[in-house]
Structures are given as structure tokens and as C-alpha cells.
Amino acid sequence: MHDREFILANREKIERACSVKNTKVDIDKLYFLIAERRHLLNNLNQMREEKNMLTEKVKKIKKQGGDIKPLLDKSKEISLTISETEEIFKSVEKQENSLMIWVPNILEDEVPTGENAICKVIKETGDYVKKEKNYYDICTEKNYIDFKRGTKISASSFPLYMGKGALLERTLINFMLDLHIEKHGYLEIFPPFLVNYNTLYSTGQLPKMEEDMYYLAKDDNLYLIPTAEVPLTNIYNNEILNEKDMPKKFVAYSACFRREAGSYGKETKGLKRVHQFNKVELVRYALPENSRDAHEEMLSEAEKVLKLLDLSYRVKLLPDNDTSFSSAKTYDIEVWAEGSEEFLEVSSISNFLEFQARRANIRFKSKEGKNIFVHTLNGSGLATPRTVIAIIEHYQREDGDFEFPPILRDYMKYGKEIFN
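With this note's numbering, letter number 185 in the sequence shown gets 636, and the count goes up by one each step, no holes.
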């Protein structure tokens, strides 16, 4: 969410963000309501000041033994007008808020823009070789992932990991957690997988993305999380931190739940798009002056996973029309899948500036005693399904099986000691 004064001073940027992020907002009505709210608030303040002055006059004249009835009548009249104006003010503010929550975050200057804006590849690593078999054939032949029985148990796009496939998934999750904890200084969190409306509103998933959410019965009013970003960002919702306690760095594993998988045609086969998947998530609170450096640092932390796994990848800066509702700037990391012969996204790392913090009311008290909104950032470190695809295809053997990456074999033998 944006400050009203910022919206008033940056109409062109607001309109551009709404357009490229495909968010329909009645901008003219919003600006009218902001101005009307300001006008009503000024009137209320003036009337309250006048009423306070009358109250002081009443005290003074009463003490002198004078006639206070005219002043009391006037005060009563002002009180009635204040009450009526307050009701109008509440109505206008409610209408204003109903529009403001749909205004997306504006974009950083370096984000590619324009009618035909495309992703900007800023880094490429490794060799993009091709292998004989793809992960799907390997996993189904060896029974490492059973897609048919996953569908029987649940529905389509719910894979069932078995044996070596399940071991790879579990090992990869624990490896990534320990890497970010031991080497990158994150505090491990194990969050709830069910959250309320306000939590999802604060991070910007609601109301815009409600159709992509799994929602429990109305009596519960809870949603399955689409990412651990949601509970992690909200740990200090509606709280004020001390500047000396900044920055905050959280890492968590969670299952993630999304309805979106059914709308991507051939990509719904296998692991590329599923309704439930595992992910290790990184979240930071940063001081405003440090958030851009923190963003670059988080990118390098996510890259570190792929470097240790010895997988080829590239980094892209997303254009304006591909940047999410809440984000000001986003990097995507795409791993090269050697059997499928394509790049697969395994991480998005985003800087939200103060956008989420305003919605969640997360602030810190500066050394000067001012309450300032933190900047929030998050990124996948990493999502497992496509990382698993890349591992299986890169480390496949001639006998039709695959082996674990050397770093994971060392991790299984020595645990987190390998990071020392």
C-alpha cells in the first residue's frame, strides 16, 4: 500500500503500475476520494478546534456568572455537525481504502519497461548441454515419483514421491535450510501452513490473487499458504521494532499450495507445475537505505545453492509486465534442465520496499525516535520440484538411474559440518 501523499504526487507512476500489472483501479475516483477525505478531515479539525474554544469560553463566562446558554446551543450545534461529518468521513475513507488496496507497487527505475519489454538476462553460468533422458521417464521407470497414484490419492498435479525420489526431496530441503542458517545467518522458522485473510492481505496476495488460493470452510476463514513468504513477513505484523534489532533474516521450509497448475496445458504433466510443492523461503526486514544491497545479497545466496549442486543456470531481471503486484523489482533464477532441454524457474527474489510493511504496519523506531516502515524482501532458496528435475537430468547415468550430487552425498554423510 502507498501513502496518500505519495499517490497524489506520483499519478503517472501509479497509472503506469496499474496498467502494466493488469490491475483495474478507477484512478479518477481514487484521487477524488483522497481529496474529499482531506477536505472532510480539515473541516472536522476546524470544527473540533472551534468546539474546544467554545468549551473554554463557557468555563470562563460561567465562572464570571454570565449567560452561557447561547454558547451551549452553539456548541451543541457544532457537535451535531461534527457527528454527521464523521459519518460522511468514515464512508469516504471506506470507499477510498477499497480502491487503495488494489493499487500495486510502483517499479524501480532499472526495471525494463515499454510496450514490448522483455526479461533482461544479467548472468549466465555453466554449459547448457543436452542429456538423453528427461526426469519424467527416469522417475516413472524407477518408481521414484508416482504421478498416477498421486492423482488417485488426491487429484491431478499432486505428485507422490517414493524411495530415492522422496530421499532426494528431503535431503535437498534440509541441505538448503542448513546452508542458509550456517553460512548466510538466517534464523530458522517453522511457520503455520494455514493463515488468515489479514496475513495474506498484508503481503499483497489478497484480494488480487484470491482465485489462486485454497480456502477452508467459511467458519474457519483460513487459507493454505502459497509460499512461506506469507507467514514469515507477518511475524512482526502491527509491531514496532528497534533499529538496533535490524535487519531481520528468516528462513523456513514449507509446503506451498496453489490452484494455478491447471491452466498451463502440457506443463501440468509431471513436476513443472503442481498444486502442492516444497520450498525453502528467505525473508528479510531491511532498513530503507540498505534494502537494495540486501536484494543483491539474497540473489547471491539463492545462486549459491545451484553453484554447490554444480547446475547451470541464468539470472533474469523481470520486466514491468512480469513483476508481481507487490514487488518493486524481481530477479528470477532459471536452472538448465539437460534432459528436458529448457530453462526452469527455481527462484524469484523480490524487493517490496515499504509496500508490504505499510499493509502489515511493520515499523522500526529510529535512533532519532521516529517510527519508520521497514523494507521487506523475499526469495526462494530454492523451490524443490524444478531443482529436482535439474538434478535428476544432470546426474543421470547410462543405466537409466541417477546419482545424488557430490555435495548432497557429503551432506548425507557429514551433515551441516560440511559448511564449516
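The hints are simulated quantities; they were obtained by calculation from the structure and are not laboratory data.
Mixed in with the good hints, there may be bad ones.
What follows is a set of in silico ranges between Cβ atoms, one per label pair, in the way DEER data are often shown [what the hints assert, rightly or not]:
#1 E537 / E690: 49 to 55 Å
#2 Y665 / N689: 39 to 45 Å
#3 I529 / E487: 28 to 34 Å
#4 E819 / I529: 48 to 54 Å
#5 N741 / K464: 20 to 26 Å
#6 L667 / M863: 34 to 40 Å
#7 K593 / F870: 29 to 35 Å
#8 I686 / D850: 44 to 50 Å
#9 E507 / N473: 53 to 59 Å
Positions of the beta carbon are idealized from the N, C-alpha and C atoms, including for glycine.
Evaluation of the provided hints:
A hinted range of 49 to 55 Å is violated for the C-beta pair E537 and E690, which are about 29 Å apart. Restraint check, Y665 to N689: a C-beta distance of roughly 25 Å breaks the suggested window 39 to 45 Å. In this structure the hint that I529 and E487 lie 28 to 34 Å apart at CB is violated, the actual value being about 21 Å. Here the CB-CB span from E819 to I529 is close to 38 Å, at odds with the stated 48 to 54 Å.
For the hinted restraint 20 to 26 Å between N741 and K464, the CB-CB distance of approximately 23 Å keeps it satisfied. For L667 and M863, the hinted distance range of 34 to 40 Å is satisfied, since their beta carbons lie about 37 Å from each other. For the pair K593 and F870, the beta carbons lie near 30 Å from each other, so the given range of 29 to 35 Å is met. For the pair I686 and D850, the beta carbons lie near 47 Å from each other, so the given range of 44 to 50 Å is met.
At roughly 55 Å, the beta-carbon separation of E507 and N473 lies within the given 53 to 59 Å, and the hint holds.
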